[in-house]
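**Q** Here's the letter readout for the chains.
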Amino acid sequence: MIGVESLVKTFGSFRAVDGVSLEVAKGEIHGFLGPNGAGKTTTIRMIAGLLKPSSGRVTIAGKDLAREPEAAKRELGFIPDRPFIYEKLTAAEFLRFHGGLYGLEGAPVEARAHELLELFELTKWRDELVESFSHGMKQRLVMCSAFLHRPQAVLVDEPMVGLDPRGARLIKDVFRVMSRKGVAILMSTHTLEVAQDLCDRISIIQGGRIIARGTVSELQALAGSENPQLTPVFLKLTGGGAFQEIEL
Amino acid sequence: MTAAFPFLLQPIFWGARNRARRRQRGDGLRAALFGGIGLLVAAALFAIAFWLTWQLVDYEELGDYLIRLGLGWLFLTFLSFVAFSAIVSALTAFFLSEDLRLLLPAPVPKARLFYSLFSRTVVQAGWMVVAFVLPVLLGLGLAHCAPTVYYATAVLSVVPFVVIPSAIGTLLTLGLVSVFPARRAREVLMLMGLLFAVGLVLLVRFMRPERLLTVQSLPDVTAFFATLSSPVTPLLPSFWAGESLFRALRGELDLLHLSALWTTAGALTVLTRAAYGRQHFTAWSKAQEARKARFTRLALLEPLLRLLPLGAARRALLVKDLKVFLRDTTQWSQLLLIVALALVYVYNFRVLDLDRIPYMSRTLKNGYAFFNLAMAAFVTAAVAVRFVFPAVSAEGPAFWIVRTSPVRLSSFLWSKFWTGLVPILVLAEALTIASNHLLGVAPVLRGLAACAIAFMTMALVGLACGMGAEHPRFSAENPTQVAGSYGGVAFMVLAVLYILTCVVLVAWPVSLYLWYDYRALPIPPRDEIRIALALATAAALSVGTFWRSMRRGVRALEALG
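These protein sequence lines map, in sequence, to chains A and B. Okay, so the first sequence: first residue is 671 according to the working numbering, each after it adds one. Okay, so the second sequence: first residue is 246 according to the working numbering, each after it adds one.
Isolated chain A (complex conformation) (with noise of 0.2 angstroms):
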């Protein structure tokens, strides 16, 4: 359902990804990690549509986004790490106008909207102001656009920054659900126990290029650990084992 091939971007001389290769398929949940500065978020913004890669090709349910950009992106729901809401709107206003940009208006767009605020309780908002809303509250906002037009692909940049617990939980149920219902997630997180409880399958990024790809099982045996937590394995194929002693 995402398909990337061979994908770089170099920033002058500097290649932030390097021939990345991905293949997310329908219904699975597809864990993107990597320590920081190892190119998750440039690969993910050239999946989006926000940045042009320089080399490689990235398809969204078979569509190529360089050829048929509406298409592709059509597919697709897009949760940025850091999300843009018009701040003046309500919460309403809001996804009536994301449904717009992706064809949807009238009644239908009020009650997928309804659906959506009322499963990630915001009903009671709908009709404040953005600028009012907490982060965690915001993050759900974002999550409810992305899902408003019933993508077969969603694109998730760390999706559990500033959440509380109950808000997590909420998200990780709707992940498994739409999962169910056949749409592919990749997701890049930082949060390795979300991925470990939620990821099909895992890709490690690292100076730009895929490092270690498998379900949970695998990496361990790749990484050589016995340990059933997913921090080890991380830290041993990303080399970050090593701590410095400092004077504190």
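Hints were generated in silico from the structure; no laboratory data involved. Hints are supplied without guarantee of correctness; some may be wrong.
[Claimed, not checked] Pairs of lysine-lysine residues, derived as DSS-like cross-links and limited to a Cα-Cα distance of at most 27 angstroms, are as follows:
id : chain 1 : residue 1 : chain 2 : residue 2
1  : A       : K794      : A       : K722
2  : A       : K758      : B       : K565
3  : A       : K808      : A       : K851
4  : A       : K733      : A       : K851
5  : B       : K355      : B       : K531
6  : A       : K794      : A       : K808
7  : A       : K696      : A       : K842
8  : A       : K722      : A       : K733
9  : B       : K355      : A       : K722
10 : A       : K758      : A       : K733
11 : A       : K722      : B       : K568
12 : A       : K733      : B       : K531
13 : A       : K696      : A       : K722
14 : B       : K568      : A       : K733
15 : A       : K906      : A       : K851
Since the structure of chain A is already known, use the hints to place chain B on it.
**A** Chain B alone, transformed into the frame defined by chain A:
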């Protein structure tokens, strides 16, 4: 399929409607104040255009020639203004606006996104020109008893006239961002624009246009008009707009020039759209990938500030404030404009020929000294609202650093006060002393004015600092927004009241003193007391304004919780 491009502009209208419905404190005052100023300016423009045309219609051929020339120049001036403004507006709309992060991943056809961004650019670049031109054209039409076709032509020519330079500006921006990162390009453009404005102000003033009003310079007037007519070339849209309006004044519909305007506007829009289609995504991606920003290291700043007898915390605040200010081109470059205006202000006094009226010159000069004091204080207030009032808000989301550090909020606010006071005091004193010197006012008045402006600067900077702390806007995108907020407007109202009261309190006793001095009479003890009381009240008012504002500011910061 997404809806047509105006749909993409809906958040702007919805946002404006929501703002109007949920008015915040001071919105009404601000709207009334700015609306009132806008209406006044429009009325003044209308009156000037009406009066000038009224005078010119009496001189048949010469009058017509001058109206034609005036229209050509009016549009020529605005052509360059809109083109430059469009470069900056297009940079913001096409590359820097936040909502692009939402719009670009959406399945919006390129053409629709282009038309939405381009219409934003046209409106942002052209609204001021339209607001300026319309009252002028209305005044011209009414004074000339123009037929209906003139008003229709006005609308039909102004629209494509604004689109043409906007399209050129957008094309230049698309080219520029393909070479430079967007933010760096904006800084360079802002600086260039400001230098251009500074140059223009100085050039116009140093040409001394007032000489044309004297009889001796009559031959120069003919040469002056000959020079004026030379840049009005038939190849520019400004000429087409001017000509269509001039013909319409006589009841003729100038289809040739109107068609030239509309076809050029259409062709340039199509060209810009094509350039957008080819270049925008590449240029946008390039704008995202700016490598390490180059910045001024200011290596000497810290060693120099170490010489000041300040504690570590105050020094750290001062170093941070100065570095942030000096590294922000959009901030410090505005100082250039202020310096240029100050130079023009002082120069005016140099060329002011009051000795032409000898019997009045002494009184006039001393009278001017008070006017000068008020003007210097208004300049101080304007600089304070722009640079000192937003000082607390400028901390923005980083204010938590100060609030969680072991720095008393009073120390923090006092640091802001001193950082603002020193440069503004130097500017105010330089303005007052230089202009009074050039004017040749009485020595006692020079000393008093220098002393008064010091007190007034202290009061105004204290007022700006304190009120800025009372009405912070940590979420504002730039200091101009803070200065235009409710608190900023309230500060300006209070500052004007304070300045007027203070000038009266200084002017009255000094005029009394000079009255006795001119007549070489001793001042009676009763008047001596009245003079001393008035001056003491002015000093007390200044100290009180400053002290109370700073205290209220500190309390407001402490009450933030």
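**Q** If a hint holds in the structure, say so; if it doesn't, say that too.
**A** Hint by hint, here is what the structure shows:
Taken as a hint, the K794 of chain A and K722 of chain A pair is broken in the structure, with Cα atoms around 39 angstroms apart against an allowance of 27 angstroms. Distance check on the hinted pair: K758 of chain A and K565 of chain B sit about 33 angstroms apart at the alpha-carbon level, beyond 27 angstroms; violated. Distance restraint check for K808 of chain A and K851 of chain A: the Cα-Cα separation of roughly 25 angstroms lies within the 27 angstroms cut-off, and the hinted pair is therefore satisfied. For the suggested pair K733 of chain A and K851 of chain A, the alpha carbons sit about 20 angstroms apart, so the restraint of at most 27 angstroms is met.
At roughly 18 angstroms between alpha-carbon atoms, K355 of chain B and K531 of chain B fall within 27 angstroms of each other, so this suggested pair holds. Under the criterion of a C-alpha separation no larger than 27 angstroms, the hint pairing K794 of chain A with K808 of chain A is consistent with the structure, at around 14 angstroms. Distance check on the hinted pair: K696 of chain A and K842 of chain A sit about 18 angstroms apart at the alpha-carbon level, within 27 angstroms; holds. Between K722 of chain A and K733 of chain A the CA atoms are separated by roughly 16 angstroms; this keeps the pair inside 27 angstroms, and the hint holds.
Among the hinted pairs, K355 of chain B with K722 of chain A is consistent with the structure: their alpha-carbon atoms are about 15 angstroms apart, no more than 27 angstroms. For a cut-off of 27 angstroms, the pair hint linking K758 of chain A to K733 of chain A is broken: about 35 angstroms separates their Cα positions. For the suggested pair K722 of chain A and K568 of chain B, the alpha carbons sit about 35 angstroms apart, so the restraint of at most 27 angstroms is broken. Pair hint K733 of chain A plus K531 of chain B holds up; C-alpha atoms about 25 angstroms apart against a cutoff of 27 angstroms.
The suggested pairing of K696 of chain A with K722 of chain A holds, with an alpha-carbon distance near 25 angstroms, which does not exceed 27 angstroms. Restraint check: the Cα-Cα separation between K568 of chain B and K733 of chain A comes to about 49 angstroms, which exceeds 27 angstroms; the hinted pair is violated. Restraint check for K906 of chain A and K851 of chain A: the C-alpha separation of about 35 angstroms exceeds 27 angstroms, so the hint is violated.
In the structure shown, a violation is registered for the earlier hints numbered 1, 2, 10, 11, 14 and 15, in ascending order.
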